[in-house]
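Residue numbers (my numbering), protein chains in the order written: chain A, 1 to 467; chain B, 1 to 467.
No lab work stands behind these hints: they were computed from the structure. A virtual CB, placed ideally from N, CA and C, is assigned to each residue, including glycine. Careful, some of the hints might be misleading.
[Stated by the list, open to error] Facing chain A, according to a computed beta carbon distance under 7 Å, are these residues of chain B, among others:
1. Y122
2. F141
3. R142
4. A188
5. L213
6. M330
7. R334
8. D346
[Unchecked claim] Simulated coverage check for chain A against chain B, where a stretch passes if three residues somewhere in it have a Cβ under 8 Å from a Cβ of chain B:
9. 54 to 65
10. 199 to 213
11. 332 to 342
There are 2 protein chains.
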Amino acid sequence: MYELTISLVQGGRKPLYEQIYEYIKNEIREGRISSGERLSSTRMLSSHLEVSRSTVELAYEQLLSEGYIESKPCRGYFAAQIDGLYSIRPACADGQAPVKSSGKKYRYDFTPNGVDLNSFPYNTWRKLSRECLVDDRAELFRLGCPQGEPGLRSAICSYLHQARGVDCTPEQIIVGAGNDYLMMLLCAILGTGRRVALENPTYRQAYRLFSNLSFDTRTVDMDERGMRVDELERSGADLTFVMPSHQYPLGTVMPIRRRMELLRWASEEAGRFIIEDDYDSEFRYKGKPIPALQGYDADGKVIYIGTFSKSIAPAIRMSYMVLPEAVCEMYHKRCGFISSTVSKVDQLILQKFIEEGYYERHLNKMRALYRSRHDMLLAELKEAGPDFRISGENAGVHLLLHFRGARTEEELIKLAAQKGVRVYGLSEYYVNGAGPADEAVILLGYANMDEERIREAVRLLKEAWYG
Amino acid sequence: MYELTISLVQGGRKPLYEQIYEYIKNEIREGRISSGERLSSTRMLSSHLEVSRSTVELAYEQLLSEGYIESKPCRGYFAAQIDGLYSIRPACADGQAPVKSSGKKYRYDFTPNGVDLNSFPYNTWRKLSRECLVDDRAELFRLGCPQGEPGLRSAICSYLHQARGVDCTPEQIIVGAGNDYLMMLLCAILGTGRRVALENPTYRQAYRLFSNLSFDTRTVDMDERGMRVDELERSGADLTFVMPSHQYPLGTVMPIRRRMELLRWASEEAGRFIIEDDYDSEFRYKGKPIPALQGYDADGKVIYIGTFSKSIAPAIRMSYMVLPEAVCEMYHKRCGFISSTVSKVDQLILQKFIEEGYYERHLNKMRALYRSRHDMLLAELKEAGPDFRISGENAGVHLLLHFRGARTEEELIKLAAQKGVRVYGLSEYYVNGAGPADEAVILLGYANMDEERIREAVRLLKEAWYG
Chain A
1 MYELTISLVQ GGRKPLYEQI YEYIKNEIRE GRISSGERLS STRMLSSHLE
51 VSRSTVELAY EQLLSEGYIE SKPCRGYFAA QIDGLYSIRP ACADGQAPVK
101 SSGKKYRYDF TPNGVDLNSF PYNTWRKLSR ECLVDDRAEL FRLGCPQGEP
151 GLRSAICSYL HQARGVDCTP EQIIVGAGND YLMMLLCAIL GTGRRVALEN
201 PTYRQAYRLF SNLSFDTRTV DMDERGMRVD ELERSGADLT FVMPSHQYPL
251 GTVMPIRRRM ELLRWASEEA GRFIIEDDYD SEFRYKGKPI PALQGYDADG
301 KVIYIGTFSK SIAPAIRMSY MVLPEAVCEM YHKRCGFISS TVSKVDQLIL
351 QKFIEEGYYE RHLNKMRALY RSRHDMLLAE LKEAGPDFRI SGENAGVHLL
401 LHFRGARTEE ELIKLAAQKG VRVYGLSEYY VNGAGPADEA VILLGYANMD
451 EERIREAVRL LKEAWYG
Chain B
1 MYELTISLVQ GGRKPLYEQI YEYIKNEIRE GRISSGERLS STRMLSSHLE
51 VSRSTVELAY EQLLSEGYIE SKPCRGYFAA QIDGLYSIRP ACADGQAPVK
101 SSGKKYRYDF TPNGVDLNSF PYNTWRKLSR ECLVDDRAEL FRLGCPQGEP
151 GLRSAICSYL HQARGVDCTP EQIIVGAGND YLMMLLCAIL GTGRRVALEN
201 PTYRQAYRLF SNLSFDTRTV DMDERGMRVD ELERSGADLT FVMPSHQYPL
251 GTVMPIRRRM ELLRWASEEA GRFIIEDDYD SEFRYKGKPI PALQGYDADG
301 KVIYIGTFSK SIAPAIRMSY MVLPEAVCEM YHKRCGFISS TVSKVDQLIL
351 QKFIEEGYYE RHLNKMRALY RSRHDMLLAE LKEAGPDFRI SGENAGVHLL
401 LHFRGARTEE ELIKLAAQKG VRVYGLSEYY VNGAGPADEA VILLGYANMD
451 EERIREAVRL LKEAWYG
């Protein structure tokens, strides 16, 4: 029988039973008590250690629970057989943070992915958040509806109907924590082995997501009307991911004719669907908003995705998806049990934000703000240089400069960088990375630049590009 | 040329340009203006309609943007060719909500998935939420780190180290909106075609998720120590999903020997990993908590998943995953670009909740609350009937009754239901639905039942089962 020689610390940080438990555990782990060896009885050990018997019993119970010792009726406690099975990790491994090279510092950054957060309605959001936490209480912390709360879905439904011409019921809407998540969910709903075609250039995050989630991806070239449907047909795809109201990054608005060709393509075969990403349709500075493709869909072929990341704030993590009937059924069958990814509190805040008219007011404010930046940028650019034309204006929060000269995209970006201005090249939006064949195209995003900064940054660009 | 006969409403809800735009759009859509037909010039139409020329120009611009008309230089405007391509949906389809049959009403529900929300620390949560929204402001609404905010990950890291013996760095932690999401992400990280083995019975939601997300699933039988590793070896799996600290639904604690067998299995081949779901390890009523399997892992084979759904509230949607180094690399390569699914505000609230000691206090309170319900239920049951034994006690928020008699699970559930008490059968946790071969097993969850209700419900069960 194994005899313990353990020095217990009375009144220390660890209770006595825990000291005994840890000591014996280590003796067994390190093989000093060998497997099958009998341990002292609780009575003997307690008298040997001069502690109460219940202290020893507690230690033994814990060792029993974790399986270090076994109890045999009427015979006592024995060390379990664990030696030679596996070498447990000896000490804490010290992990290292991945070191990122700190980026170059720019004075001005024309990122096309910006959102102006100075205009975020903090006070309203805080007020609504307070109201939500006062109301309801327990109900707010119970697991909610997997699709999202019915109240929020109704609010989104009427917004989509009025603002985007989307024709749906709240039952077709799924609320999720961001577009990336919704696309992951969509992959789970539609099943593996799908062949999805994306525009080229496109939103590359979507391309990567589909590729990594077991979809068979391909790209289809665009002409001035958007994705070429003849090429789509030839691509063998049964899904297509498009941005008809305002293509990213080109800013193309898909005209009604191309929309109908696309819808006809989808209706020609049973398993075909169109994924419409309506990511920034809220911002249009000329005329009325371009209605969503979903509103024209007569055959239940369009899966519509929208987000509050662009129109409210990226970090609130709320997007939504409108599923046509057939896909809705697949969702309920295959994924209806997957819990919602958005907290109920956040859903309720957003519901109130929409219902009480704050969302519309916020959109109007942002539209006016972005419009004046858009106008200022256009005006400044018109005097900037002789060798580019502008496209993709009138909507969204970026525009494109197409250079006729001999300079490459890389040269233009580098010249701007030397003046402390960050601009973006179109080629990074091409899936093959090749970029447009016959011109250098630069993207300028203005969501994060106020008018003063736009004027100054364009002045620097002029210096950079025209000396 | 097509002549418009349109009655405009001056001073109505819709601006004049919009009335003209909609009129012409419908004429084109319905084929009354045929494709290629020339429209009046803006000058002629404005004088014909007696409106300003800019009003007509606005209408034409919108029609141009949407592609209903085309402009040919020096020749004017022509209706685009869209007829015959596709029949646009005529009117709003009225969706129907899926009708669910309203369930039977029970007076008492022993659901094993309960969480007591009356003890949710509303005031603290509200206070922290207010503090978070006052601080920081804009930074809180910018897109955050895909893995979760560093501050929250550090807080989770030290909690896991102290409370669960998990050995990791914040860089290995991914925060996500619930376990379902984390498992979806894990599938994307590990790639398709994986063969995953689950315990039988198991948490069936995990089984369904893996199956639907293109994993090849199988089950492995359990003995009294947990998953049988010899069967796991034969199953051909390269992944296994286990709950070593407290198996759901059986409540088995995996002893150290079996843990080492499992770790050895994983270390024998390069691509093998163990997914440890530590879903309710916070609640143990006897001795110390059982340490996590992850803490014993010397070879980077354990993917650890934990959640705040059980320990705080289901609707806050926050879970976390600790990835071993090799899987961390796969994550950064394949999924590092996927945005976080939890809002920054919620992450900051939770971080403060942990850092300022509220989480520990809340856990202690809940442990005491559940312990007294557990003790009361055990005491009441001990006097309840002669023909069952109890298992799975001492931890979690449910226990199991194993009936020796001839009665089936179905009979026992039905008898209880007749008295207004809802109890749950073990067979629904078996993947094949067969249940245990030689006994009827009933699950009783007590998280949602206070002591008074437990006493009353057990009294009713006695009446139901023993008359």
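A quick look at each hint next to the structure:
1. Y122: holds, 6 Å
2. F141: holds, 4 Å
3. R142: Because about 6 Å separates R142 of chain B from the closest Cβ in chain A, which is inside the 7 Å limit, the hint holds.
4. A188: holds, 6 Å
5. L213: holds, 6 Å
6. M330: violated, 10 Å
7. R334: Holds - the Cβ of R334 of chain B comes within 7 Å of chain A, reaching about 5 Å at its closest.
8. D346: holds, 6 Å
9. 54 to 65: Coverage by chain B holds here, the residue count being 4 at a Cβ distance below 8 Å.
10. 199 to 213: Satisfied; 5 residues make the cut.
11. 332 to 342: holds (count 9)
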